[in-house]
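Asker: If you read the protein sequences in the order shown, they are chains A and B.
Okay, so the first sequence: first residue is 726 according to the numbering used here, each after it adds one.
Okay, so the second sequence: first residue is 6 according to the numbering used here, each after it adds one.
If you are wondering where the hints come from, they were derived from the structure by calculation, not from laboratory data.
Since we're looking at a predicted model, the values are computed, not measured.
Think of the CB as a built atom: it goes at the ideal place given N, C-alpha and C, for glycine as much as any other residue.
Do not rely on the hints blindly, as some may be mistaken.
[Unchecked claim] Mimicking DSBU-like on lysine-lysine, the simulated pairs with C-alpha atoms at most 35 Å apart in a straight line are:
1) K780(A) <-> K228(B)
2) K836(A) <-> K876(A)
3) K38(B) <-> K1009(A)
4) K959(A) <-> K1032(A)
5) K325(B) <-> K836(A)
[Unchecked claim] What follows is a list of derived Cβ distance ranges for each label pair:
6) K1064(A) <-> N101(B): 29 to 37 Å
7) S777(A) <-> A184(B): 18 to 26 Å
8) R109(B) <-> E853(A): 47 to 55 Å
9) E56(B) <-> E853(A): 47 to 55 Å
[Said to hold, decoys possible] Far from chain A by the CB rule (all over 10 Å, computed), these chain B residues:
10) R81
11) I128
12) L164
13) A184
14) P246
15) Q270
16) Y283
17) E328
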Amino acid sequence: MLAGAMSSRADIRIEPDTPENLEATTEEELLPLYKTMLSIRRLEEASAKAYSVGKIGGFLHLAIGQEAVCTGAVAALRPEDYITSTYREHGHIYARGVSARAILAEMWGKKTGVVKGLGGSMHMFSKEHNFLGGHGIVGGHVPIAVGAAFKAKYHGEKRVSAVFFGDGSATIGGFAEGLALAALWKLPVVFICENNQYSMGTPLYRTTAAPDITQRALAHDMDRDRFDGDDVIKVKRRIALAVERARETNRPTLIEVRTYRFRGHSMSDPGLYRTREEVAEWKKGDPLVRAKRRLIEELGVDEEKIKAIAAEVKDEIADAVRFADTSPASDSYLPYVIKE
Amino acid sequence: MPTMNIIQAVNNALRIQMAAEPKSIILGEDVGKFGGVFRATSGLYDEFGEERVIDTPLAEAGIIGAAIGMAVYGMRPIPEIQFSDFIFPAFDQIVNELAKFRYRSGGQYPCPVVIRTPVGGGIRGGHYHSQSPEALFIHTPGLKVVIPSNPYDAKGMLLASLRQDDPVLFMEPKKIYRASRGEVPEEDYTVELGKAKVVREGNQVTLIAYGAMVSVIEEAAAKAAEIGISCEVIDLRTLMPFDIETITESVSKNGRAVMVHEAPQTCGFGAEVCTSLYERCMAHLEAPIQRVCGFDTPFPYSLEHEYLPNADRVLGAIRKTLEW
Ligand SMILES: Cc1ncc(C[n+]2csc(CCOP(=O)(O)OP(=O)(O)O)c2C)c(N)n1
Ligand SMILES: [Mg+2]
Chain A
726 MLAGAMSSRA
736 DIRIEPDTPE
746 NLEATTEEEL
756 LPLYKTMLSI
766 RRLEEASAKA
776 YSVGKIGGFL
786 HLAIGQEAVC
796 TGAVAALRPE
806 DYITSTYREH
816 GHIYARGVSA
826 RAILAEMWGK
836 KTGVVKGLGG
846 SMHMFSKEHN
856 FLGGHGIVGG
866 HVPIAVGAAF
876 KAKYHGEKRV
886 SAVFFGDGSA
896 TIGGFAEGLA
906 LAALWKLPVV
916 FICENNQYSM
926 GTPLYRTTAA
936 PDITQRALAH
946 DMDRDRFDGD
956 DVIKVKRRIA
966 LAVERARETN
976 RPTLIEVRTY
986 RFRGHSMSDP
996 GLYRTREEVA
1006 EWKKGDPLVR
1016 AKRRLIEELG
1026 VDEEKIKAIA
1036 AEVKDEIADA
1046 VRFADTSPAS
1056 DSYLPYVIKE
Chain B
6 MPTMNIIQAV
16 NNALRIQMAA
26 EPKSIILGED
36 VGKFGGVFRA
46 TSGLYDEFGE
56 ERVIDTPLAE
66 AGIIGAAIGM
76 AVYGMRPIPE
86 IQFSDFIFPA
96 FDQIVNELAK
106 FRYRSGGQYP
116 CPVVIRTPVG
126 GGIRGGHYHS
136 QSPEALFIHT
146 PGLKVVIPSN
156 PYDAKGMLLA
166 SLRQDDPVLF
176 MEPKKIYRAS
186 RGEVPEEDYT
196 VELGKAKVVR
206 EGNQVTLIAY
216 GAMVSVIEEA
226 AAKAAEIGIS
236 CEVIDLRTLM
246 PFDIETITES
256 VSKNGRAVMV
266 HEAPQTCGFG
276 AEVCTSLYER
286 CMAHLEAPIQ
296 RVCGFDTPFP
306 YSLEHEYLPN
316 ADRVLGAIRK
326 TLEW
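One chain only, chain A, in its complex shape (with noise of 0.2 Å):
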């Protein structure tokens, strides 16, 4: 279990009841994850040298760390389905399938990023990809996901809605009205609090009563879940049993998984809220090191392999580099705000 600045216990509990061995992978399956995981965190780590440099502008929230809670959660998903996520939103996009170019071009401000340049970092939608949203207003979107939900149920599409926030936005008005509406609604949603401990320099226990997030779902009777998210196939597997449960029964589910931001809350933040020694703490349950040591020595993946799948990746990222450094600047904001 991680330790950190708050450690109550995670994995207390499923309702309804967890069964065994979640956890036992394969490499067909792990490999996918942790080339996907690889490719976020060295996208992520492009952008935050952009930045440095002044080619994002504004602020832009990585979530390195975390890659395992987006992954996992979005390979439990099908394509249909629908994601709803916040500001620190990379990994999500990128998991759904939307290209490493239109990310980086998007915060570049470029014409060819994934809004064509008009929100950057925090603003990335595709409804090509179901991915409604990039969302800067924290606990806005909760509800909106939640209509979403309901639209797919109403046309009986036996579609999920899953929405991604933090543990900040468990005292906003937003998810509490979307949970109370969702549960009464028996709409097939699936809610996925990332608990990465803190809300900007804030941590959680001195946010709220209730440390344990899970139990706003006992006010609605909901089904909830818990758990530690170091682990993509844990994380992937624990997400599937609610996303069936919404996609069969409509019923939905919050889970709270526990999880750490190695950087700041934004890139300003030195994170002096924070002692070196916790970060350091939680770095050692590091998502991709953690896969990295299951495909080596639970599955025997050979370190060659491994090796060139981290060659592709660096491929990947310094393609996304150069074509959102040529692309055109966006030469337009007047569009899209109405129909013409």
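Could you slot chain B with the ligands onto chain A? The hints should help.
Answerer: Just chain B with the ligands now, kept in the frame of chain A:
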């Protein structure tokens, strides 16, 4: 006299208020230990303690609602909304509760809450770290709305806001938080609310702005002077109640005016200023009043330099009033 930027001036005013008035508390997201995302409350947590400088959960409606409850029984809460883009979860509390509390209670419950919030663009923050929603609040009877343009006014008007009995939305132009520097007395002083300031005198065209746009119209006035056009520059400072006398006098004298703000033009505060001027100075006007504003679009990420009014756009408007 020490030199301060706007953040330091705000910080200094807050420190004076907290020391002088035990009934004042500060509350908001990351205002305590962290010192605020712009460092405006830096050091106050250590000086006044966690009981008085309170890190709240992410809950804007809760922050403002709780501040109202404190204020109606005599406290002087100073909530911070981290960016004015995040004020909307609290919009109901501000518009329906805070602004109308005195009125609804037949005068029994004045509600002296001073909400501080950074406003405006200029930091490439995109859709949700750049907006200028002041007109929505000016449109809400019962609120005062203040946007200073320099450190001296920021300190003096913040202290003035804290020493009167009605709710104030105190909006701090984040673009010039650090860029605007000037001499600020250490001691306690106030700058009267509701008074505009003539920053530069001139006898051909009156330029009116507030907040970060004041330096833009000053720059435009300087450029205009180089080509022989004399502009008067007025900083409105308080938007509600606004100083109609000062601008009426100036526009009546010059017969030409340009109104500048970065919020979208349609139904922006400029619309009210212009109409008020037409009502009072129609006979003196030589040309229609020009507006140079943000465009009627969401705030753009990559093209903010085009969106925000600049000196050249203002100069174009100045010419237009002269060539009419
Ligand atoms: C309504 C609203 N209030 C405040 C903010 C500013 N803000 C952005 S992120 C954040 C902290 C969110 O923490 P959490 O939900 O834990 O997500 P994390 O950033 O850790 O992923 C705050 C206060 C905002 N974006 N929206
Ligand atoms: Mg968090």
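Asker: Work down the list of hints and note, for each, if the structure agrees.
Answerer: Taking the hints in turn, this is what the structure says about them:
1. K780(A) <-> K228(B): holds, 31 Å
2. K836(A) <-> K876(A): Holds, at roughly 31 Å.
3. K38(B) <-> K1009(A): holds, 27 Å
4. K959(A) <-> K1032(A): This hinted pair holds, its Cα atoms lying about 24 Å apart.
5. K325(B) <-> K836(A): Holds, at about 34 Å.
6. K1064(A) <-> N101(B): 29 to 37 Å: Given a distance of about 32 Å, which is inside 29 to 37 Å, the answer is holds.
7. S777(A) <-> A184(B): 18 to 26 Å: At roughly 21 Å between Cβ atoms, A184(B) and S777(A) fall inside 18 to 26 Å, so the hint holds.
8. R109(B) <-> E853(A): 47 to 55 Å: Since R109(B) and E853(A) have Cβ atoms about 50 Å apart, the given range 47 to 55 Å holds.
9. E56(B) <-> E853(A): 47 to 55 Å: Check passed, 52 Å falls within 47 to 55 Å.
10. R81: holds, 24 Å
11. I128: Check fails; 6 Å does not lie beyond 10 Å.
12. L164: The assertion about L164(B) holds, with a minimum of 27 Å to chain A.
13. A184: Fine: 16 Å to the nearest Cβ keeps A184(B) off the interface.
14. P246: Given a closest Cβ separation of 31 Å, the condition holds.
15. Q270: holds, 13 Å
16. Y283: With a cut-off of 10 Å, Y283(B) remains clear of chain A, as the shortest Cβ separation is near 28 Å.
17. E328: holds, 27 Å
In summary, the one numbered hint that this structure violates is 11.
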